[in-house]
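J.: Assemble the dimeric complex from its two separately framed chains, guided by the hints.
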Amino acid sequence: MTPVPAPTEAQVLDDLRAVIREILQMEPDDDFAIEADASLTDELGLESIDLVNIGAGLSERYGEAVNLAVYLADQEIDDVIKLTVGALAEFVLDALAVAAASGASGASGASGASAASSAGE
Amino acid sequence: MSMILANGLRTHVQSLRAVDPQGPAPLVVCVHGLGYDSLASFYLTLAPPLAESGLDVLTYDLRGHGRSERPNQGYRLGDFVEDLTAVLAENGDDRRIHLIGNSFGGTVALSYAARNPERVASVVAIEAEPATARWVERMGGTMRDVIEAMDDEYYLDWVGRNFGSHYQRLTRVAAAVIRSTTLIEDVAADPPLTEQEVAAIACPVLSVVGGEGFQAEEPMAMQALLPSCRTVVIPDQGHSVLVERHHALRGPLLDWIAELEPEWTPRTGDRTGSPGDRAGSRAS
Numbered sequence: 001m002t003p004v005p006a007p008t009e010a011q012v013l014d015d016l017r018a019v020i021r022e023i024l025q026m027e028p029d030d031d032f033a034i035e036a037d038a039s040l041t042d043e044l045g046l047e048s049i050d051l052v053n054i055g056a057g058l059s060e061r062y063g064e065a066v067n068l069a070v071y072l073a074d075q076e077i078d079d080v081i082k083l084t085v086g087a088l089a090e091f092v093l094d095a096l097a098v099a100a101a102s103g104a105s106g107a108s109g110a111s112g113a114s115a116a117s118s119a120g121e
Numbered sequence: 001m002s003m004i005l006a007n008g009l010r011t012h013v014q015s016l017r018a019v020d021p022q023g024p025a026p027l028v029v030c031v032h033g034l035g036y037d038s039l040a041s042f043y044l045t046l047a048p049p050l051a052e053s054g055l056d057v058l059t060y061d062l063r064g065h066g067r068s069e070r071p072n073q074g075y076r077l078g079d080f081v082e083d084l085t086a087v088l089a090e091n092g093d094d095r096r097i098h099l100i101g102n103s104f105g106g107t108v109a110l111s112y113a114a115r116n117p118e119r120v121a122s123v124v125a126i127e128a129e130p131a132t133a134r135w136v137e138r139m140g141g142t143m144r145d146v147i148e149a150m151d152d153e154y155y156l157d158w159v160g161r162n163f164g165s166h167y168q169r170l171t172r173v174a175a176a177v178i179r180s181t182t183l184i185e186d187v188a189a190d191p192p193l194t195e196q197e198v199a200a201i202a203c204p205v206l207s208v209v210g211g212e213g214f215q216a217e218e219p220m221a222m223q224a225l226l227p228s229c230r231t232v233v234i235p236d237q238g239h240s241v242l243v244e245r246h247h248a249l250r251g252p253l254l255d256w257i258a259e260l261e262p263e264w265t266p267r268t269g270d271r272t273g274s275p276g277d278r279a280g281s282r283a284s
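Sequence lines, in order, name chains A and B.
Read left to right, the first sequence gives residues 1 to 121 (this note's numbering).
Read left to right, the second sequence gives residues 1 to 284 (this note's numbering).
I should point out that these hints are in silico values taken from the structure, not numbers from a laboratory.
It should be emphasised that the depicted structure is a prediction, and the values quoted were computed from it without experimental measurement.
Incorrect hints may appear among the rest.
What the hints assert, rightly or not - Per label pair, the in silico range of CB-to-CB distance:
no.	chain 1	residue 1	chain 2	residue 2	range
1	B	Glu90	A	Glu76	52 to 62 Å
2	B	Glu69	A	Met26	19 to 29 Å
3	B	Ala176	A	Ser59	22 to 32 Å
Even glycine gets a Cβ: it sits at the ideal position worked out from N, Cα and C.
So that you can see chain B by itself, here it is in the shape it has in the complex (with noise of 0.2 Å):
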């Protein structure tokens, strides 16, 4: 287990580094979002096949979650942001980086990028959205009800029947992160980002959202408020676009990184393809 010291906090990392790269290598990092999230979504998904392509692949547990630190207090979102900056810090690589937030990681991307634009050369937001004023009332909503509900062991065995045990689970890790930190008081609390904020996030941003995901009613939503987005919807899928549809995100997000790296081609070979197509491999 690699740990680093980033902002204080003792910070799990994990590094996979580019396989034969065609060109020079660009740098992703990956970011997970709130709760029963942790670097595992995107290393046990994403980040392999990334790497496998040609990319360095950058993942940390945010604070709070999967082996990092978790302190009592300090998880307003822009206490994430400077994680973040301490963890790039830490890493040592002044590469422009692609960022790739999965929903409130995607959050915490899009404000890293309005406060360093010379450092992000793209940002893909997995179920995510800037921190606007509409995040910060919808946030904080979500916020007391996931309070309330946790308290609720009604509300796990509806878990437990609807999603499965693994799922009730995951609810209950969730559930003890929140009752020791001040995560749910916190999260919220900064103001939101102001117009010149906003506007400050130039690099491209590639919006990735599930049709019946929290974006489902206004899909289209970042890009109308940032010129330089484009946005992928998943039909048929809820939140959990990461976990549950990552073999559908990798060829557009290869794709979206070769349009934006010119001398960097995705390296395709025996190990890459699809995911059936290598199982047969493996098999044979």
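Excised from the complex, chain A in its bound form (with noise of 0.2 Å):
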């Protein structure tokens, strides 16, 4: 069985904008266009209590190993205030990368790694 690929960044930042589309109760004709560089609370204007379900949703989408809440619990208030959909996206990669290399997932860091880099925008 050939294990999962990593997902891209382009992948991770598309599931992020389908989460925060959810929350934001945006209709599927709603062309707002969630730039990575958009700050999650005063650009998206979500909440505090969001980014809880924000950490479920990708709990349930990459596993337990993207653990939202310990990372925003080891932040200042101003950095969690300040956090962008990027950075977000960063944070699932980097927690999946620290998954893979401690064998906790079958995801691939290499090709993560390399799809990631040329998958910016």
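T.: See the structure below:
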């Protein structure tokens, strides 16, 4: 059985956009673009309770190795307020890479990293 | 999202299981404060490191807050205490609990402890005080000030200029809760705790106050009232101790619970430690 390849940065960003669109209750035909450098709170208007839901969504999608609550609990409040969609994607990729390196998942860190580097927006 | 029915209301709860507990894991229940507070104030700060240290952690959104149901009325302190009672019953766990309450959540926790002394192993009250006559009077005054400020665009501009757009938006969120419910009228409407009820808070209490917070003038007031109370003052800190200084609270909280739970030891390892340590280990 071949291991599941690690998602690319573009895939993670798309997953995040889907989660955020759902939280913001955006209609399917709403073409508002969620940019990678958009801050979750100031620009997208998310509340801290929304971050709890995003964390649950990420753990469901990528497994327990992606634990947003633990990550945010290590930040200062000012950093949490400034968090961007892109920084969230970077957190997901880092968490998956750490899990892959420690053997906790079969994801291929090498292919994920190379794909991520060519998929920047 | 985990929803339960508690005291007739759809209530949002989040549980974090103890990671590799060293001894029987104690249960910690976190109660957040009023207005723009929600379980996120614990879930994104103290709850993860407490779970990683080997504690079971239960958090929930108070009625009208976060993702819990927002009835139009029923916001007396006693309603919140009944909600906590129902959440614990739904959780179906007969361990004695360590309650951590932030601001109004601490007042809820202390009132719960007064009514249910057999259920409570300890209370950690962060920037909070019991519902004495003094609290009822001050809370009533605060609520009247809040309702005036909420209707004042100048106030919102002032919040925006001084605390940033994030806090300005939070203030609007709180205003929405306040305008659509009887919270302002209700919250300080119950009679204060009687002397007997205050005396019934017999469990150990840790009072954590900001040096510049709501208890700045009398930081030791709760310790004078409750014989089993110990006080920790966080210097140069206003009311937002939990959100702004949660890193500083971890050690004292773990020490507090370890002291009261002799069969349990806080877990240490590469996933705990100081934020700097963990950031370093993640980056490597």
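J.: Give a verdict on every hint.
T.: How the hints compare with the structure:
1. B:Glu90 / A:Glu76: 52 to 62 Å: Violated, since glutamate 90 (chain B) and glutamate 76 (chain A) (Cβ atoms, about 34 Å apart) do not stay within the stated range.
2. B:Glu69 / A:Met26: 19 to 29 Å: holds (24 Å)
3. B:Ala176 / A:Ser59: 22 to 32 Å: holds (29 Å)
In summary, the one numbered hint that this structure violates is 1.
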